[in-house]
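Protein chains in written order, with numbering that gives the first Met the number 0: chain A, 0 to 374; chain B, 0 to 385.
Derived from the structure by calculation, the hints contain no laboratory data. All residues carry an ideal CB built from backbone N, CA and C; glycine is no exception. Hints are not guaranteed to be accurate.
Simulated coverage check for chain B against chain A, where a stretch passes if three residues somewhere in it have a Cβ under 8 Å from a Cβ of chain A [stated by the list, open to error]: (1) 62-72; (2) 83-94; (3) 187-194; (4) 210-221; (5) 285-291; (6) 353-359.
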Amino acid sequence: MNLTEYFELVFTDYTLRTITLGTAILGAVTGMLGSFAVLRKQSLLGDAISHAALPGIAIAYLITGAKDSNTLLLGALVSGLIGTFWIRGIVKKTHLKSDTALGLILSIFFGFGMLLLTFIQKQPNANQAGLDKYLFGQAATLVESDVWLMATVTGVCLFVLLLFWKEFKILLFDADYTKTLGFNTKFIDILITTFIVLAIVLGLQTVGVVLMSAMLLAPAAAARQWTNSLSKMVLLAAIFGAFSGVFGTAISASQTNLSTGPVIVLVAAVFVVFSFIFSPSRGLLFRQIRFIKNRRDLELHKTLALMHHIAETHDDITHPHAIKLLNNFQGFTRKTLQKLVEKNYVTLDGNMWSLTKTGFETAANLYTKQTTEDE
Amino acid sequence: MNSAQIEIQLIASLVAIACAIPGTFLVLRKMAMISDAISHSILPGIVVGFFITQDLNSPLLIILAAFTGVVTVVLVEYIQKTDLVKEDTAIGLVFPALFSIGVILIAKNANDVHLDVDAVLVGELALAPFDRLVISGVDIGPKSLWIIGTILLITITLLIAFFKELKVSTFDKGLAASLGFSPAIIHYGLMTVSSITTVGAFDAVGAILVVALMIAPAATAYLLTTNLKKMLALAAFFGVFSAISGYWLAHLLDASIAGSITTMLGLLFLAVYLFAPNKGVIAVMYREKQQRIEVSLLTFLLHLKNHSEAEERHVNHLREHINWQKIRAKTVLELALKNNMIAVNNNVVSLTDKGDTFTSKAIDYIITNEDAQIEDMKDDFFLFRG
Numbered sequence: 000m001n002l003t004e005y006f007e008l009v010f011t012d013y014t015l016r017t018i019t020l021g022t023a024i025l026g027a028v029t030g031m032l033g034s035f036a037v038l039r040k041q042s043l044l045g046d047a048i049s050h051a052a053l054p055g056i057a058i059a060y061l062i063t064g065a066k067d068s069n070t071l072l073l074g075a076l077v078s079g080l081i082g083t084f085w086i087r088g089i090v091k092k093t094h095l096k097s098d099t100a101l102g103l104i105l106s107i108f109f110g111f112g113m114l115l116l117t118f119i120q121k122q123p124n125a126n127q128a129g130l131d132k133y134l135f136g137q138a139a140t141l142v143e144s145d146v147w148l149m150a151t152v153t154g155v156c157l158f159v160l161l162l163f164w165k166e167f168k169i170l171l172f173d174a175d176y177t178k179t180l181g182f183n184t185k186f187i188d189i190l191i192t193t194f195i196v197l198a199i200v201l202g203l204q205t206v207g208v209v210l211m212s213a214m215l216l217a218p219a220a221a222a223r224q225w226t227n228s229l230s231k232m233v234l235l236a237a238i239f240g241a242f243s244g245v246f247g248t249a250i251s252a253s254q255t256n257l258s259t260g261p262v263i264v265l266v267a268a269v270f271v272v273f274s275f276i277f278s279p280s281r282g283l284l285f286r287q288i289r290f291i292k293n294r295r296d297l298e299l300h301k302t303l304a305l306m307h308h309i310a311e312t313h314d315d316i317t318h319p320h321a322i323k324l325l326n327n328f329q330g331f332t333r334k335t336l337q338k339l340v341e342k343n344y345v346t347l348d349g350n351m352w353s354l355t356k357t358g359f360e361t362a363a364n365l366y367t368k369q370t371t372e373d374e
Numbered sequence: 000m001n002s003a004q005i006e007i008q009l010i011a012s013l014v015a016i017a018c019a020i021p022g023t024f025l026v027l028r029k030m031a032m033i034s035d036a037i038s039h040s041i042l043p044g045i046v047v048g049f050f051i052t053q054d055l056n057s058p059l060l061i062i063l064a065a066f067t068g069v070v071t072v073v074l075v076e077y078i079q080k081t082d083l084v085k086e087d088t089a090i091g092l093v094f095p096a097l098f099s100i101g102v103i104l105i106a107k108n109a110n111d112v113h114l115d116v117d118a119v120l121v122g123e124l125a126l127a128p129f130d131r132l133v134i135s136g137v138d139i140g141p142k143s144l145w146i147i148g149t150i151l152l153i154t155i156t157l158l159i160a161f162f163k164e165l166k167v168s169t170f171d172k173g174l175a176a177s178l179g180f181s182p183a184i185i186h187y188g189l190m191t192v193s194s195i196t197t198v199g200a201f202d203a204v205g206a207i208l209v210v211a212l213m214i215a216p217a218a219t220a221y222l223l224t225t226n227l228k229k230m231l232a233l234a235a236f237f238g239v240f241s242a243i244s245g246y247w248l249a250h251l252l253d254a255s256i257a258g259s260i261t262t263m264l265g266l267l268f269l270a271v272y273l274f275a276p277n278k279g280v281i282a283v284m285y286r287e288k289q290q291r292i293e294v295s296l297l298t299f300l301l302h303l304k305n306h307s308e309a310e311e312r313h314v315n316h317l318r319e320h321i322n323w324q325k326i327r328a329k330t331v332l333e334l335a336l337k338n339n340m341i342a343v344n345n346n347v348v349s350l351t352d353k354g355d356t357f358t359s360k361a362i363d364y365i366i367t368n369e370d371a372q373i374e375d376m377k378d379d380f381f382l383f384r385g
């Protein structure tokens, strides 16, 4: 199957449609909430929580004995939340830093989850098969009810986000001020954290534990490069996330032996790289171009200032001088001279140059501007 | 205990020590999450090494994997330097991408060989004794034991040789640079050692246990001491303790050894987190509560000192006046009585001489903030210990 066939099939084939919709919704909701995680400097929280959810899945299975995905996700949510709040407890109550707390909870919870999973596997007559799909994710196992669950959660999340938009926004940028305004910062904080955990848990089934953090971060990091407005960033991140989901699914479906999760993550990574390079205001390419342009302008100004210095000593400012005179000055080249001619600051006649009137005035102004700024 | 069991415990203990040493510095340098990133992103290095050599035991795999680990660090630093995103975001972007490449490479090209992602991530310590190193027909022990033993030996040698440099550059980068140690060389040296340790260890125990063994013992030790040498020793001890007790837990439950060791590390951390003498949660809470009571006591004594009229000092009036709840007022009153700072006469409270001097001293301290005055009070009151 190639890509065009895939897009023709999406609308008719049940499985493909379900998976595509699922990954698109997942990408949108993680992108949306990921923006908050990135701006709150909680980028690696996603990594920690997705690992911390594992024991919850195992315990939920041990208690209920059923493989119902909603129950398992509930377990994941509870243990993810416990992990998150323990991380906070460690950072608040001890002198361990947040990265240590994250790594600690991540590895300990995950290890404990592995202990439980292997314990379950050794149980007689357990139909535990499929529990480990949460480790690496299997988008192919998505069914319509999963997609409905995702859509519902996304809807609720969107509603809450709009309802508390002002609060979330102000908490993001000035937590102390929010408190003095009388908002219950603790409540807002717990609300947003719970939704982030919820989004991560939803993604476990599709892209798995290890890659979940990228789903949370990459669309948001890409969106950040294009705008300074929170609402635009959230919207863009949702769009990037959804597109990563759709394209990732399309590419992995069009080839054999390509797992969906990693492909989605790589597509999201392409969005990030593209944004890092080509974003007009922050991107590396335009930054480099601006840098080069600034340096050129500076060189031009330096040449002009030197010419002005020479011309000043003559009564007639347009008196021609030999280019040789400029030789002991490093900034000038044939090219920069040509540029000055284009700007009508200088006229060239063979090996002689002379300042025009505009050139002289500009240079004089340049000079006075510099000196007044120095004062 | 049979010889395989002894070998497993020996390998686990050596891995624990080899991880604890770089782990301590990672925790102190606030770079703990780098170990998580490295442990995932070495996957493509291993896969490419496997494609080249077609041999899972080739040393080229370790070299390429360790190289990928260093590449991860460099990439993270490069992204960070562009100022487009924060450091933690940079980490979170780099390692899932590299890991994804690794997973896809395996899925596309190596589906039918023994190289699956499960084994890489989770590891199987129980199988380590079966992979023997045989030199000219003589069996000289499990291969993992030799690999991790060599790495540990190199780590310890480097630690002893560069202890001073590591210490200074960890706690004061500027000082290290001005003394002529290049912080960059030490940084990349540490990263290379972490990377090699991760690769060498995770062949035996899996990526997640490596992360746990790097961070958890060091974090636990950090709650108990602020001395670098003690922290290193404690971290190594906690690692070995968890390795051995974890092995027996796994034996008992018939579960994954790596998972059990991690669980033991978690329990150990939980115990220290709660009960550590100075920095544990309970100690901190007790100290905070004690300080709150002592602040109340001081307020109470100041009130007494300011008022000579009897009705202001009546027990019942105090409760209304300072607006404390009944219980707190009673605790404070009892504490003051027990310390002989007040005397109660017909339900009217007055300061004793001792209470009077104490209050004056405390006021002096609050106004001047000079420590010398209150040295003798530090023994009795948390409040003045800072």
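Status of the hints after comparison with the structure:
no., hint, verdict
1, 62-72, "violated (count 0)"
2, 83-94, "holds (count 8)"
3, 187-194, "violated (count 0)"
4, 210-221, "holds (count 8)"
5, 285-291, "violated (count 0)"
6, 353-359, "violated (count 0)"
Of the numbered hints given earlier, the model fails hints 1, 3, 5, 6; all others are met.
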